[in-house]
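**Q** Listed in order, the protein sequences are those of chains A and B.
Just so we're aligned: 43 in full-length UniProt numbering is position 43 of the first sequence, and the numbers increase by one with no gaps anywhere.
Just so we're aligned: 288 in full-length UniProt numbering is position 288 of the second sequence, and the numbers increase by one with no gaps anywhere.
FYI, nobody ran anything at the bench for these hints, they're computed from the structure.
Among the hints, erroneous ones may be present.
[Claimed, not checked] Stretches of chain B that chain A covers, calculated by requiring three or more beta carbons in the stretch to come under 8 Å of a beta carbon on chain A:
id: 1; region: 74-84
id: 2; region: 103-113
id: 3; region: 178-192
id: 4; region: 195-204
[As the list claims (entries may be wrong)] Derived, one-sided and incomplete: chain A residues facing chain B with beta-carbon distance under 8 Å:
id: 5; residue: 91
id: 6; residue: 95
id: 7; residue: 102
id: 8; residue: 106
id: 9; residue: 122
id: 10; residue: 123
id: 11; residue: 245
id: 12; residue: 249
id: 13; residue: 296
[Unchecked claim] Here are some chain B residues the structure puts well away from chain A; computed CB gaps all over 12 Å:
id: 14; residue: 1
id: 15; residue: 2
id: 16; residue: 128
id: 17; residue: 129
id: 18; residue: 165
id: 19; residue: 221
id: 20; residue: 281
id: 21; residue: 282
As the structure is a prediction and not an experimental result, all values here were calculated from the model.
Backbone N, C-alpha and C define an ideal beta-carbon position, used for all residues, glycine too.
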Amino acid sequence: MFLLAIFIAVPSFIAAAGRSDLYYTLTAVALLSIASAGVWLTFYIGRINIGQGAFALIGAYVSAILVTKVGMSFWLSLPLSGLFAAGVAIVIGVPILRLRGVYFAMISLVLTQVVTLTALALPVTNGAKGITSIPLPGGVSILGLTLIPDFATLENPRLAFYYAACVLMVLTFGAMYRLVNSRLGHLCRSMQQNEELASSIGVNISYIRVIVFAISSFLGGIGGAMFGSIAQSVYPSSFQVADSVNFMLNCFLGGLGYVFGPMLGTLVLYFGWDLLFELGRFQLLAYSSLLIILMLFLPNGLLSLRLPGKKGADK
Amino acid sequence: MEQILANGIYLGAQYAMIALGLTLIFALMNVLNFAHGQMYVLGGFVTYTFYGQLGWPFVLALLASCITLAVLGALIERFLFAPVIRRSSREESTMLLAAGLAFLFDAIILLVFGEKQRGVPKIVDGVFNWDFRLIMPYDRILICILAILSIVSFILFMQYSKTGRALRALAQDRTAAQLMGVNVARYSMIGFALGAMLAGLVGGLLVTITGVNLGMGGPTSIKAFMMVMIGGAGVISGAIAGGIILGFLEAIGLAVLSQYGDITYLLIFVSLMIFLAIRPQGLMGKPWG
Chain A
1 MFLLAIFIAV PSFIAAAGRS DLYYTLTAVA LLSIASAGVW LTFYIGRINI GQGAFALIGA
61 YVSAILVTKV GMSFWLSLPL SGLFAAGVAI VIGVPILRLR GVYFAMISLV LTQVVTLTAL
121 ALPVTNGAKG ITSIPLPGGV SILGLTLIPD FATLENPRLA FYYAACVLMV LTFGAMYRLV
181 NSRLGHLCRS MQQNEELASS IGVNISYIRV IVFAISSFLG GIGGAMFGSI AQSVYPSSFQ
241 VADSVNFMLN CFLGGLGYVF GPMLGTLVLY FGWDLLFELG RFQLLAYSSL LIILMLFLPN
301 GLLSLRLPGK KGADK
Chain B
1 MEQILANGIY LGAQYAMIAL GLTLIFALMN VLNFAHGQMY VLGGFVTYTF YGQLGWPFVL
61 ALLASCITLA VLGALIERFL FAPVIRRSSR EESTMLLAAG LAFLFDAIIL LVFGEKQRGV
121 PKIVDGVFNW DFRLIMPYDR ILICILAILS IVSFILFMQY SKTGRALRAL AQDRTAAQLM
181 GVNVARYSMI GFALGAMLAG LVGGLLVTIT GVNLGMGGPT SIKAFMMVMI GGAGVISGAI
241 AGGIILGFLE AIGLAVLSQY GDITYLLIFV SLMIFLAIRP QGLMGKPWG
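Start from the sequences and build out the full structure, keeping to the hints where you can.
**A** Next comes the structure, spelled out in structure tokens:
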């Protein structure tokens with residue numbers, strides 16, 4: 001039902017309305033929601049993660065460097081950038097995941113700043129000039145069968161990106177749903193409630209939280225890499241502290257108790273921002289007021305509106 | 001060397017004041033106030049309006065900054081934070097509210113004051129010059145002394161006044177304070193107002209030296225978070241220590257590493273992460289805040 005909606009109904013609606021710029025917006029929503037899903041996962045083990053921008057930036061840079069300097073295919077660099085981000089997350093995560101609550105929130109915020117500054121300082125990232133004119137993703141064919149066409153030859157690369165991002169998003173959320181309902185998911189829930197208790201009944205908490213953080217960063221890296229490829233450029237300012245905060249807001253807004261919360265939150269926040277563009281200089285004012293009002297009346301997220309029905313389906 | 005030390009004291013005193021407000025709000029309500037930097041900018045703009053535009057005496061303008069921010073802080077606590085804390089099932093929801101507030105303040109400042117850099121005329125002219133070993137404009141010295149005075153009076157207020165005692169009790173144990181007859185709702189409001197007032201006061205002090213512009217809010221918040229992390233969240237002495245340490249690190253880094261470009265902050269961030277890995281609760285914090 002939902003798949004049908006995003007793969008057939010939305011493109012035909014856009015074709016009918018003639019607003020092909022919406023593709024870009026929707027693609028961005030899909031990608032940002034992948035990164036937000038990662039943030040949501042760290043919330044799931046009871047950590048407030050404001051560092052997703054760091055991993056998105058790492059992912060974007062790894063993919064950009066692999067494509068431009070090594071000449072690798074984008075589709076190969078995409079998982080590699082995710083894995084690289086996950087590797088960084090494991091190295092950093094082992095010490096900082098010992099922190100809790102506000103301390104973890106603050107250190108992850110600092111992490112975003114560190115990555116931005118590192119990107120400015122390292123020679124391979126080309127400093128403030130960034131990496132520009134990244135080629136569009138090429139084609140992939142196995143035994144002469146074209147699986148993914150060359151994006152540069154398509155007459156509408158936007159549509160192609162839209163499909164690619166949506167496929168990624170569906171895969172991500174499918175995996176998340178499986179994860180949450182798996183053994184690991186149950187262990188995470190026990191950690192969210194009480195880490196000491198979980199560890200006392202034999203849950204290896206330090207192992208699980210590093211794994212979860214790595215998965216979360218993997219998603220951030222993939223989202224960032226895809227974003228870099230669409231924009232065809234990466235700068236140290238591509239993902240900043242504000243983006244990290246936005247990833248967190250997406251999760252809050254959608255509701256922390258629901259797997260699909262980050263998706264809805266991203267959609268509402270990103271679209272809300274775009275719709276308010278008409279207001280010109282009052283855009284930020286209206287946006288932030290709406291955010292505050294939403295928080296006042298629905299502090300547990302948008303999805304809490306249909307709490308009773310959802311709860312029955314989840315359990 | 002003397003120059004670096006003097007710069008360190010000067011920066012440290014300002015930073016300590018910013019961190020104090022943040023840590024006070026955190027200790028009382030468990031709220032990480034993302035909007036702290038924006039409150040600071042707002043304080044700067046109020047002083048700019050009264051002192052720079054309307055020609056009031058500097059002290060009065062500073063007072064106006066304090067009062068504006070204190071009233072604003074009280075209103076925000078009463079009508080935004082208190083209801084959300086009551087209704088939300090997770091206390092982290094207040095972070096979303098605080099981030100929303102940060103955006104809101106940015107929007108208001110943009111609409112009311114514009115995006116330009118604003119400065120005010122100097123309050124004192126002249127430069128203190130000790131044999132070219134230590135050069136410091138008089139207004140910086142004055143601001144530094146004023147900042148230290150405010151910190152001292154804040155500590156005295158927290159130690160000896162009735163309100164201060166109630167606030168400290170609240171920070172220590174909310175339920176126990178309530179059982180001892182402290183009006184929790186009222187003192188939460190006062191505490192938040194006090195924290196916001198401190199932000200406004202620093203903003204008003206610093207507008208005379210660095211000026212003020214819209215973009216200063218976010219970076220200031222991050223710096224304040226760092227200071228609070230160094231010293232330990234929710235501890236007043238920790239906030240002061242964190243502010244002074246960061247001030248010195250910055251002064252030394254800028255002097256020693258200037259030829260390598262902008263890596264001072266990178267180094268500070270990295271060493272902060274290593275420090276926190278070894279001592280997660282900061283210098284003086286309670287474990288697990």
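**Q** All hints are to be evaluated individually against the structure, with a verdict given for each.
**A** Structure-based check of all given hints:
By the rule of at least three residues with a Cβ nearer than 8 Å to a Cβ of chain A, the coverage given for the region 74-84 of chain B holds, with 3 such residues. Restraint check on the region 103-113 of chain B versus chain A: 7 residues with Cβ-Cβ distances below 8 Å, three needed, restraint holds. A stretch counts as covered by a chain when three or more of its residues have a beta carbon under 8 Å from one of that chain; for the region 178-192 of chain B and chain A the count is 0, and the coverage is violated. Beta-carbon proximity to chain A at under 8 Å applies to 0 residues in the region 195-204 of chain B; the threshold of 3 is not reached and the given coverage is violated.
The beta carbon of residue 91 of chain A is not positioned within 8 Å of any beta carbon in chain B (closest approach about 11 Å), and the interface hint is therefore violated. With its C-beta approaching chain B no nearer than about 3 Å, residue 95 of chain A sits inside the 8 Å limit, and its interface hint holds. A cut of 8 Å between beta carbons decides the hint on residue 102 of chain A: the least distance to chain B is about 5 Å, and the hint holds. Taking 8 Å as the C-beta cut-off, the interface hint given for residue 106 of chain A holds, the closest approach to chain B being about 5 Å.
The beta carbon of residue 122 of chain A is not positioned within 8 Å of any beta carbon in chain B (closest approach about 10 Å), and the interface hint is therefore violated. For residue 123 of chain A, the shortest C-beta to C-beta distance to chain B is roughly 12 Å, which exceeds 8 Å, and the interface hint is violated. At about 5 Å, the closest approach between the beta carbon of residue 245 of chain A and any beta carbon in chain B falls short of 8 Å, and the interface hint on this residue holds. Taken as an interface hint, residue 249 of chain A checks out: its beta carbon lies about 6 Å from the nearest beta carbon of chain B, inside 8 Å.
Satisfaction of the interface hint for residue 296 of chain A is found here, the shortest Cβ-Cβ separation to chain B being roughly 6 Å, below the 8 Å cut-off. With 12 Å as the threshold on Cβ separation, the claim that residue 1 of chain B sits away from chain A holds: the shortest Cβ distance comes to roughly 27 Å. For residue 2 of chain B, the shortest C-beta to C-beta distance to chain A comes to about 30 Å, beyond the 12 Å cut-off, and the non-interface label holds. Even its closest Cβ contact with chain A, about 34 Å, leaves residue 128 of chain B beyond 12 Å, as expected for a residue assigned away from the interface.
Residue 129 of chain B, annotated as away from the interface, keeps every beta carbon of chain A farther than 12 Å; the closest lies near 35 Å. Against the 12 Å criterion, residue 165 of chain B stays outside the reach of chain A, whose nearest CB is about 25 Å from its own CB. Listed as outside the interface, residue 221 of chain B is inconsistent with that label: its C-beta sits roughly 9 Å from the nearest C-beta of chain A, within the 12 Å cut-off. Taking the minimum C-beta to C-beta distance to chain A, about 7 Å, the non-interface status of residue 281 of chain B is violated against the 12 Å cut.
The beta carbon of residue 282 of chain B sits about 8 Å from the closest Cβ of chain A, which is not more than 12 Å, so the claim that it is off the interface is violated.
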